[in-house]
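Peer 1: For this one, chain A is given, so just place chains B, C and D on it according to the hints.
Residue numbers (the numbering used here), protein chains in the order written: chain A, 1 to 340; chain B, 1 to 340; chain C, 1 to 340; chain D, 1 to 340.
Some clues are possibly wrong.
Note that identical chains are pooled: a pair holds if it fits in a single copy or bridges any two copies.
[What the hints assert, rightly or not] Below, computed lysine to any residue pairings styled on SDA-like, alpha-carbon distance capped at 25 angstroms:
no. : residue 1 : residue 2
1   : Lys24     : Leu67
2   : Lys24     : Ala340
3   : Lys326    : Arg312
4   : Lys24     : Glu331
5   : Lys24     : Arg58
6   : Lys118    : Val225
7   : Lys203    : Gly53
8   : Lys326    : Asp134
9   : Lys118    : Gly28
10  : Lys118    : Arg76
11  : Lys203    : Gln55
12  : Lys24     : Ala322
13  : Lys24     : Asn214
14  : Lys24     : Glu228
15  : Lys326    : Ile35
16  : Lys203    : Ile35
No lab work stands behind these hints, which were simulated from the structure alone. Every value quoted in this text rests on a predicted model; they were computed, and no experiment measured them.
Each chain is listed here by its residues.
4 protein chains.
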Amino acid sequence: MRIGLLTGGGDCPGLNAAIRAVVKQGTGEYGHTIIGFRNGWRGVVDGDVHPLGRQDIRNVLPVGGTLLGTARFHPRQEDGSMDAVLATVEAERLDALICIGGDGTLHAASRVAEAGVKIVAIPKTIDNDVEGTDLSIGFHTAVNIATEALDRVHTTAESHNRVMVVEVMGRHAGWIAVNAGIAGGAEVVLAPEEPFDIDQVVKFLRHRHRAHANFSIVVVAEGAVPREGSMEFTQQLGRFGEIVAGSVGERVSAEIAERTGFDTRLTVLGHVQRGGEPTPTDRILGSRFGVAAVDAVSAGTSGVMTALRGERVELVPLAEVAGRPKRVPEELLRVARVLA
Amino acid sequence: MRIGLLTGGGDCPGLNAAIRAVVKQGTGEYGHTIIGFRNGWRGVVDGDVHPLGRQDIRNVLPVGGTLLGTARFHPRQEDGSMDAVLATVEAERLDALICIGGDGTLHAASRVAEAGVKIVAIPKTIDNDVEGTDLSIGFHTAVNIATEALDRVHTTAESHNRVMVVEVMGRHAGWIAVNAGIAGGAEVVLAPEEPFDIDQVVKFLRHRHRAHANFSIVVVAEGAVPREGSMEFTQQLGRFGEIVAGSVGERVSAEIAERTGFDTRLTVLGHVQRGGEPTPTDRILGSRFGVAAVDAVSAGTSGVMTALRGERVELVPLAEVAGRPKRVPEELLRVARVLA
Amino acid sequence: MRIGLLTGGGDCPGLNAAIRAVVKQGTGEYGHTIIGFRNGWRGVVDGDVHPLGRQDIRNVLPVGGTLLGTARFHPRQEDGSMDAVLATVEAERLDALICIGGDGTLHAASRVAEAGVKIVAIPKTIDNDVEGTDLSIGFHTAVNIATEALDRVHTTAESHNRVMVVEVMGRHAGWIAVNAGIAGGAEVVLAPEEPFDIDQVVKFLRHRHRAHANFSIVVVAEGAVPREGSMEFTQQLGRFGEIVAGSVGERVSAEIAERTGFDTRLTVLGHVQRGGEPTPTDRILGSRFGVAAVDAVSAGTSGVMTALRGERVELVPLAEVAGRPKRVPEELLRVARVLA
Amino acid sequence: MRIGLLTGGGDCPGLNAAIRAVVKQGTGEYGHTIIGFRNGWRGVVDGDVHPLGRQDIRNVLPVGGTLLGTARFHPRQEDGSMDAVLATVEAERLDALICIGGDGTLHAASRVAEAGVKIVAIPKTIDNDVEGTDLSIGFHTAVNIATEALDRVHTTAESHNRVMVVEVMGRHAGWIAVNAGIAGGAEVVLAPEEPFDIDQVVKFLRHRHRAHANFSIVVVAEGAVPREGSMEFTQQLGRFGEIVAGSVGERVSAEIAERTGFDTRLTVLGHVQRGGEPTPTDRILGSRFGVAAVDAVSAGTSGVMTALRGERVELVPLAEVAGRPKRVPEELLRVARVLA
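This is chain A alone, in the form it adopts within the complex:
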């Protein structure tokens, strides 16, 4: 079989583990040919191929990012790019495509599958908001990095009696904020799942500083929203839904400083959250997903996504995972709350 492989959407640690596994398992046991595409769907549209052999994947397991490159571009019917994808699939005589990506890539994969191309997808997103799988590639490393940042600002908060506000990624779901918040011992965690009341946050901090300890860590997911009427706040969104002006972290930090008089500082973690060496968990996840995707493709399966469910890797229909982002469950939100 000739199998196309691409990574789409934002980069993250663990992608190379999945690429390596697809190449090793594909070219090894099955004897397939693996055709990589550069820069995500853009490379499929442009026919920008990068044949992948064992020599291309040497030493990539612990390296972040993606050796194939990636782009935030998805093929659509309207601009002819979907046709270009189909043309490339035919020109390269591909029997199937393996797409590694987040929500946008999975949607595109769904549409391409409907157009008759055999497709197996592998979920990656540091936000962890893909439905149907316990974990997506990249999330675990992001939580590690965010927790490490909380550990770091903790010592400064304590030494200077400050409120440290840390803004982390998470537009539609607060997985990073809640997990790093619990692991880093944050006093307040603001996640998109629960619109927050700035008055209550301020009240809680005042009480804590009076009664217990005069420093605090506040973690804010970039997609956290104030409860209606609680705080004025507007954001300006960019082309891909990213926030281009008006960070909720800035606003929350300013409100706390103004209302409490506490020395309050903001840290916006930003791009470091999606970079660097993947944790063992992300390397293992990428490896298992890569092997499972090749197995699925080899068995003729299509329109599915690899998924971690408990201790097992399973296949779930792409149709079931699209739509609303996976949200942090109440149990986890409560743990963040009660351990504050």
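Peer 2: Quick look at chains B, C and D alone, frame taken from chain A:
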């Protein structure tokens, strides 16, 4: 309620996160009193109490080990220590016990529960071989440390054209070996789940060094066993089932050196695997288990263990988890094999 | 002897190592009494004492920040705070003071010494711009954190063909920028020591992206300044000389994006640079400085600062180190340039 | 110019940083040709060349080991290998050689220089015992790894009331033991510089466990030796002076266990100390030494070694650095002692 709390068996990272969660959730929402015991069941037998308040758990979240101390001792009927446990429970007017421990502690908890004490257990073991839960406290950090060690010997193996044999923990199951092996890109992983044939190992290494690259990483779980007749090997076990003489890593290393002539070196990771700062995953796991255990105790539940199942924390009957160790599933063993 | 001890200025990793060494060496070999002051000079002014014994310094070696707390406050003649310092020294019957701090604290120490108090200072500043010593406490950890951030954005830069601009600390000298830039393989390093020409930066990046690789890392010290006429740029400075509006990183990032059209992203590292676990180097430096300071005080020496010079710890007169910040030498600036 | 480049002796982190700097600086500013040799002096003898261009050094900065490979082989007059070196230098029309290595490589470099070849050396050794330079490549990373191990066994020591003995590298000098011992808060540090008395060690531990805390960390350099008559101890040395049987760590551990009755465990760090990602310090050191070596060669200098002296990189005559290993100074040994 008055709740006793102890940590038993070998120490590991994440125990303090669980202790902290029990104290915060117990003394906070519920208003319980938490009575810690020093050095595991030994402290219960001796009535060596350490009342735990919020000031005792400050800054312990990222600290490995257990602030309560631990011991490899379990109460038994025969020597009167079980009666001593019951006497202490009565003397301290305890409504329930929360026990954090591995297989031995869980067995003891079972027996104490049968004797009429309300008990909720929290599983910890870096070997991850407790049945009924996806993860036990300490395992995730151990995999991180072992993977880091593999990353380190990798560069030396490559620079010196060597076979590096790394022995990791895992007496009854190869969870650390298999996970670290996949994450660290090991060429051979020997786990208790699959008795190994040293001839095949040697054959594989010879082929690899001729055809691909003249260095290799071999990961050996301390409990790995040769297939009958494949290799002479005897171990001497100590009082708690620990290996006191004759490491399988030494034997495997010697056989490879002798049969291949390759420059072969052994590293026995040992105690560093169970020490140091817990990963965010172990801190979160300990926190969730601690909160869930207090919830269970407060609801009057007994004879159960907290367990991670997929994205949820559940309670499973202690009776169901005792006995045979949880083994690494075939899917994961296969991933380690095909990515070699 | 009764010895006062304080930490002043911004917190950083390694302070606790120095405090621990002062307490161990002071109370041990010499039998002195160590009187800590809370929150830097503020605590001396207010007589806010915290007597320090061996139990206070348990397990603090690997912990960032300062267990004494700190504040950006320095005693002056004008407001009576200098008199308050002298009054406290008399009230507490102190034979000498050990002050751990940066430029501001060292200046204050100088003035207090002139007023007749025996003083030995220990230099700390993550900026490493204290004259007379190869290293100050906190700098080494900051370089590690900044390098780690460069490693992380590196993979994203490469995967997305981006220019990643990273702003690091360094108001008067570019030690963090230059060292992390070299260690992290940055293509451009902008430091206060060499006013930069934005035209040349842009030209260099355009050439690189055409000829070699279409991604780049640009490190900007917060105190970097454009060559006159090269780029419009104004900053607003706060009370302690800190930048409160108009970051040079933002400006440089915007200019590069506008002039090259390359996808350009900014990361401002901020507070994480001064937090977290000290590196072994900072723990050793703090330990050696602490022991040396106690030795100096015990020998009756005053008006000096501990200093690392090559492999030796020496004492240098405070009078010699005040004034202009220590600048990055040309050799190091050149290494950053030629390895771009 | 045509410049040969090799790495000899044991591998360590930071070698690739030096190789990268030699290639960048050599091929860049100067327009030299850089000819790498595989596997140290062995490759020079065999004429096993590996021409190095900018594409060979991409992304190697954070990677441990050496991309050129290395071997513990040194050319000698007696076996004709010295003549083979000279023949290769002529055949490849080399104007000079840059050798990166430890004591053995530096000695060989000296002899090759005497035979008329222009040579500049760069010191590397994780033991840090090369005279004339504050630091050699690889040492700093080794101290970090050893300190991390001490941090890890610390939590287990405390949780289980144990004595943890950790054996680290250092045959002729105790640089790793003393530095990691200070950074990791060890109670006892045994280094080759000071023959130890096991009776005093045991007495100290007994006193500590009675008076202060019932756990301890003991760091032993592999080259530590008992004071005459204090403890029976013999080692068997291999071909390159490495210890092949009878580790001092084992002996010390057994003595402590026997004489004190304390639960005592040994960890031998071994190969992990020389592997993995170089610290920023080792990357910077390798980079500076690489640039300086090319500058020296280009200026026609020969028979020198690059050296770090305080904040400067200097050149020292090879003749001055051979012979006795650089020893840990008394000041540092004393800090380890007084902070115990």
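Peer 1: Now, for every hint given, state plainly whether the structure supports it.
Peer 2: A quick look at each hint next to the structure:
In this assembly of identical chains, the alpha carbons of Lys24 and Leu67 lie at most 25 angstroms apart whether taken from the same copy (15 angstroms) or from different copies (23 angstroms). Taking the shortest alpha-carbon separations for Lys24 and Ala340, only the inter-copy value of 9 angstroms comes in at or below 25 angstroms, while the best intra-copy value is 45 angstroms. Within a single copy, Lys326 and Arg312 get their C-alpha atoms as close as 19 angstroms, and across copies as close as 14 angstroms, so both meet the 25 angstroms cut-off. For a Cα distance limit of 25 angstroms, the shortest separation of Lys24 from Glu331 across copies, 16 angstroms, qualifies, whereas the shortest one inside one copy, 39 angstroms, does not.
Both within a single protomer and between protomers do Lys24 and Arg58 lie at most 25 angstroms apart by alpha-carbon distance, with minima of 11 angstroms and 24 angstroms respectively. When the C-alpha separation of Lys118 and Val225 is checked against a cutoff of 25 angstroms, the pair qualifies neither within a copy, at 40 angstroms, nor between copies, at 43 angstroms. For a Cα distance limit of 25 angstroms, the shortest separation of Lys203 from Gly53 across copies, 24 angstroms, qualifies, whereas the shortest one inside one copy, 59 angstroms, does not. In this assembly of identical chains, the alpha carbons of Lys326 and Asp134 lie at most 25 angstroms apart whether taken from the same copy (10 angstroms) or from different copies (21 angstroms).
Taking the shortest Cα distances, Lys118 and Gly28 sit within 25 angstroms of each other inside one copy (21 angstroms), while across copies they are farther apart (49 angstroms). Proximity of Lys118 to Arg76 under the C-alpha cut-off of 25 angstroms is restricted to the intra-copy arrangement: shortest distance 17 angstroms within a copy versus 61 angstroms between copies. Only between protomers do Lys203 and Gln55 lie at most 25 angstroms apart by alpha-carbon distance; the minimum there is 22 angstroms, versus 59 angstroms within a single protomer. Neither within a single protomer nor between protomers do Lys24 and Ala322 lie at most 25 angstroms apart by alpha-carbon distance, with minima of 29 angstroms and 39 angstroms respectively.
Taking the closest pair of Cα atoms, Lys24 and Asn214 come within 25 angstroms of each other only across two copies (18 angstroms); inside a single copy the shortest separation is 54 angstroms, beyond that limit. Within a single copy, Lys24 and Glu228 get their C-alpha atoms no closer than 52 angstroms, and across copies no closer than 31 angstroms, so neither meets the 25 angstroms cut-off. Proximity of Lys326 to Ile35 under the C-alpha cut-off of 25 angstroms is found in neither arrangement, the shortest distances being 32 angstroms within a copy and 39 angstroms between copies. For the homomeric pair Lys203 and Ile35, neither the shortest alpha-carbon distance inside one copy (57 angstroms) nor that between copies (31 angstroms) is at most 25 angstroms.
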